[in-house]
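Enquirer: What follows is each chain in one-letter form.
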Amino acid sequence: MIKIHKKSDKMLILGFVLPALLIYVAFQIIPLMGALVFSVSKWNGLAVSPVKFVGLDNFKILMNDKNFLISLKNMIKMVVFSVAFHTPIALLLAVAINSKCRGHKLFKAIFFVPTIFPLTAVGLMWYFIFMPNGALNLFLKSVNLHQHVVPWLINESTAMNAIISVNIWVGVGFYMVILLAGLATIPDELYEAAQIDGANSIKQFFLITIPMLKPIIGICIVMDIIGSIKVFDLIFAMTEGGPNGLTNLPTTLLYYESFRYDNFGKGSAIGVLLLLLALSLVFLSNFLTGEKRRNK
Amino acid sequence: MIKKIIKSLTLCSICLAFLACGDESKDNDKVKIRLLTRMAGTSNSVKVYKDIISQFEQKHPDVIVVDESQGDESSFNNKLKTDLASGTLPNIFRIQGVANLGEYVDTNLLADMKPILDEDKEWGEGFNKGALNYYTIPGKDGIYAIPMEQGLMGFYYNKDLFNKAGIEKFPETWDEFLVAIDKLKDINVIPIALGAKSTYSVGHLHNQIFYRWLGVDAAKKLGSREIKWTDPEVVQTLEFIKVLNDKDAFSPSAPGISNDIATTQFKNGEAAMIFTGPWNISTFVDPEKTPVYANIDFAKFPYFKEKAEFKNQDMQVISPYMISGNLKGKEKDYTIELLKMLTSKDAGIRYVNEAEFLLPRTDFEADRNKVGELFLANNTLAQTSDGIGVDVFDFDKIPSMQDRTRNSIVSVLMGASPMEAGEEIQEEISRKE
Numbered sequence: 001m002i003k004i005h006k007k008s009d010k011m012l013i014l015g016f017v018l019p020a021l022l023i024y025v026a027f028q029i030i031p032l033m034g035a036l037v038f039s040v041s042k043w044n045g046l047a048v049s050p051v052k053f054v055g056l057d058n059f060k061i062l063m064n065d066k067n068f069l070i071s072l073k074n075m076i077k078m079v080v081f082s083v084a085f086h087t088p089i090a091l092l093l094a095v096a097i098n099s100k101c102r103g104h105k106l107f108k109a110i111f112f113v114p115t116i117f118p119l120t121a122v123g124l125m126w127y128f129i130f131m132p133n134g135a136l137n138l139f140l141k142s143v144n145l146h147q148h149v150v151p152w153l154i155n156e157s158t159a160m161n162a163i164i165s166v167n168i169w170v171g172v173g174f175y176m177v178i179l180l181a182g183l184a185t186i187p188d189e190l191y192e193a194a195q196i197d198g199a200n201s202i203k204q205f206f207l208i209t210i211p212m213l214k215p216i217i218g219i220c221i222v223m224d225i226i227g228s229i230k231v232f233d234l235i236f237a238m239t240e241g242g243p244n245g246l247t248n249l250p251t252t253l254l255y256y257e258s259f260r261y262d263n264f265g266k267g268s269a270i271g272v273l274l275l276l277l278a279l280s281l282v283f284l285s286n287f288l289t290g291e292k293r294r295n296k
Numbered sequence: 001m002i003k004k005i006i007k008s009l010t011l012c013s014i015c016l017a018f019l020a021c022g023d024e025s026k027d028n029d030k031v032k033i034r035l036l037t038r039m040a041g042t043s044n045s046v047k048v049y050k051d052i053i054s055q056f057e058q059k060h061p062d063v064i065v066v067d068e069s070q071g072d073e074s075s076f077n078n079k080l081k082t083d084l085a086s087g088t089l090p091n092i093f094r095i096q097g098v099a100n101l102g103e104y105v106d107t108n109l110l111a112d113m114k115p116i117l118d119e120d121k122e123w124g125e126g127f128n129k130g131a132l133n134y135y136t137i138p139g140k141d142g143i144y145a146i147p148m149e150q151g152l153m154g155f156y157y158n159k160d161l162f163n164k165a166g167i168e169k170f171p172e173t174w175d176e177f178l179v180a181i182d183k184l185k186d187i188n189v190i191p192i193a194l195g196a197k198s199t200y201s202v203g204h205l206h207n208q209i210f211y212r213w214l215g216v217d218a219a220k221k222l223g224s225r226e227i228k229w230t231d232p233e234v235v236q237t238l239e240f241i242k243v244l245n246d247k248d249a250f251s252p253s254a255p256g257i258s259n260d261i262a263t264t265q266f267k268n269g270e271a272a273m274i275f276t277g278p279w280n281i282s283t284f285v286d287p288e289k290t291p292v293y294a295n296i297d298f299a300k301f302p303y304f305k306e307k308a309e310f311k312n313q314d315m316q317v318i319s320p321y322m323i324s325g326n327l328k329g330k331e332k333d334y335t336i337e338l339l340k341m342l343t344s345k346d347a348g349i350r351y352v353n354e355a356e357f358l359l360p361r362t363d364f365e366a367d368r369n370k371v372g373e374l375f376l377a378n379n380t381l382a383q384t385s386d387g388i389g390v391d392v393f394d395f396d397k398i399p400s401m402q403d404r405t406r407n408s409i410v411s412v413l414m415g416a417s418p419m420e421a422g423e424e425i426q427e428e429i430s431r432k433e
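Here the protein sequences come in this chain order: A and B. FYI, the numbering for the first sequence is 1 to 296, going by the working numbering. FYI, the numbering for the second sequence is 1 to 433, going by the working numbering.
Bear in mind the hints are in silico, worked out from the structure with no lab data behind them. Worth double-checking, as some hints may not be accurate.
[Unchecked claim] With a straight-line Cα cutoff of 30 Å, these simulated DSS-like cross-link-like pairs (lysine-lysine) come out:
1) B:Lys221 x A:Lys66
2) A:Lys42 x A:Lys214
3) B:Lys432 x B:Lys242
4) A:Lys230 x B:Lys432
5) B:Lys185 x A:Lys141
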């Protein structure tokens with residue numbers, strides 16, 4: 001390890017860090033402070049209009065806003081389903097591919113491909129699949145499953161689920177790659193010893209793979225929670241939050257309140273609530289996956 | 001030594017990063033005019049617009065025109081809001097609505113155009129009075145925009161499909177219209193192409209129904225709270241949307257498809273009519289974009305027999321140019337000059353003859369050899385309007401009413417009752433006031 005003692009070394013480090021630090025402060029910390037101020041204010045978005053302090057009014061309004069409550073419900077659903085499906089599916093795929101089965105490189109590429117596409121393009125592609133006369137319904141009709149033909153992105157019971165399923169599909173490859181990297185760090189000797197002791201593949205999976213990957217799984221869950229809370233482009237490309245606000249998430253509502261309805265206070269309050277929610281869920285997830293204890 | 005070199009390079013790179021703004025001293029001597037309009041893309045009207053700007057620049061070498069116009073509505077709105085929030089309003093721009101313009105006037109963001117119109121009689125008196133008066137704001141003196149586009153909203157319909165269905169002429173009344181829809185369904189075509197994922201499409205349809213049933217002034221009364229969205233007469237306008245939906249006038253896919261897809265259904269002959277504005281004329285007459293181009297005609301929305309007094313209360317598109325209220329000196333003079341060039345009689349003649357795009361001026365006529373029948377049909381019928389409204393929510397001060405009204409109308413297509421939709425809209429008003 002390089003030890004830093006000299007003043008000139010510290011200056012050098014500062015020289016390297018300063019540009020990134022300035023950019024971070026300018027584009028993250030200052031806007032965050034701005035959002036905190038606006039969240040307790042009323043402002044219509046005109047530079048010449050005064051910013052009026054209203055205390056917690058914006059938060060109180062949100063708690064009684066039907067549209068916000070719908071968006072919150074959608075977001076919770078998005079987080080729960082993403083966490084429940086992303087990591088387990090990614091883990092199974094990673095283990096299968098890590099076993100170096102025939103064509104594992106091809107499978108790895110196939111599962112990773114959705115991750116490299118822009119989410120807007122993915123959203124548009126799935127919009128054309130899910131639309132009433134889209135590919136999915138045409139397929140269902142072609143195999144005589146007419147009773148299952150539904151307007152996926154319009155129907156109250158299917159619209160949000162359709163978007164969540166796309167979010168799961170598009171994210172699995174990303175988490176698979178992270179877990180593959182984690183699998184590569186597990187020493188082969190552990191599996192060899194387990195084989196000598198007579199442990200079958202399932203036992204090896206639960207007694208070696210999962211415990212050894214626990215920190216990586218924790219990271220995946222944290223990233224998944226944050227990623228699911230931040231989803232915006234997928235919704236915008238597939239439904240724009242509609243029909244009639246049915247598929248709004250707090251992120252899309254934040255956009256509408258701020259940029260369409262000239263209500264920057266309410267929009268900022270949504271942003272602050274999302275930040276608090278994300279932080280709480282991350283702490284909770286770290287606690288549950290043992291990160292806190294491990295770090296101690 | 002190596003450390004010193006690295007240190008020097010790092011510090012140099014930081015300095016360069018902060019100084020990399022370029023030498024703008026040459027540009028600083030010039031007057032800069034920024035435009036943020038919806039005139040972007042590759043259409044003929046945009047070509048004329050760009051050409052006029054180019055002529056202006058050639059005439060004034062000491063002016064730089066920065067055209068930041070956006071064709072896409074969302075991109076445009078985002079850019080405008082950012083400019084408004086940062087206090088860097090463009091010289092020429094546009095804001096949707098009328099009643100909501102009051103606070104822009106109060107904060108001096110909008111210039112009153114009346115003195116400028118009065119000063120230059122030749123330019124000012126050439127405008128269509130109805131279009132110009134649209135930008136008089138309740139409670140304020142003056143005119144706060146120059147109209148730059150006008151045209152009648154109505155039904156573009158496929159004559160061939162109408163003939164096949166046994167409909168000799170486009171229905172004039174609502175009752176005849178409902179009969180026509182049944183006949184069109186009998187020949188297995190979609191009677192009305194509608195893509196309500198783009199909520200404005202169903203919003204436009206409702207606007208026209210509203211004006212036919214209650215007249216344009218009723219929209220103003222909604223804005224001033226003299227009437228409510230839950231009043232039976234207003235709910236009735238939503239009921240008509242439900243009637244059309246229940247009659248399967250639209251495709252069952254309508255709530256889930258975009259307006260582009262619905263327009264394609266019409267262009268391909270899968271749908272018999274579409275309710276839209278004159279901006280589509282250039283594609284409707286293009287054989288490559290519209291295979292059924294030879295069969296397309298234009299008609300006004302049918303009227304209600306019991307409301308014959310509103311027979312010609314029409315939805316028209318009226319788009320504005322506004323100028324910043326903070327301009328002074330040469331910058332103001334040049335901005336006004338450019339605005340006049342973009343909306344002059346000469347510009348109007350070019351727009352109509354080269355792009356079938358109508359400037360709302362009355363001091364010129366389209367060259368009948370240069371414009372198509374569809375444009376002429378729209379233009380001729382537009383002259384019959386005795387009341388003009390754009391969007392019903394234009395008269396409402398609450399900015400969220402654009403989305404609220406359109407979304408609630410979409411909910412009617414999805415099974416909500418007209419009263420539920422009306423209550424939802426009224427609830428938004430109660431919450432925001």
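Enquirer: Hint by hint, note whether the structure agrees.
Expert: Consistency of the hints with the structure:
1. Note on lysine 221 of chain B and lysine 66 of chain A: the hinted pairing holds, with a Cα-Cα distance of about 27 Å set against a maximum of 30 Å.
2. Straight-line distance between C-alpha atoms of lysine 42 of chain A and lysine 214 of chain A comes to about 45 Å, which puts the hinted pair past the 30 Å bound.
3. This hinted pair checks out: lysine 432 of chain B and lysine 242 of chain B have alpha carbons roughly 27 Å apart, not beyond 30 Å.
4. For the proposed pair lysine 230 of chain A and lysine 432 of chain B, the alpha carbon gap of about 27 Å is at most 30 Å, so the pair holds.
5. For the hint linking lysine 185 of chain B to lysine 141 of chain A, the alpha-carbon distance of about 22 Å falls within 30 Å, and the restraint holds.
Hint violations for this structure: number 2 only, all remaining hints satisfied.
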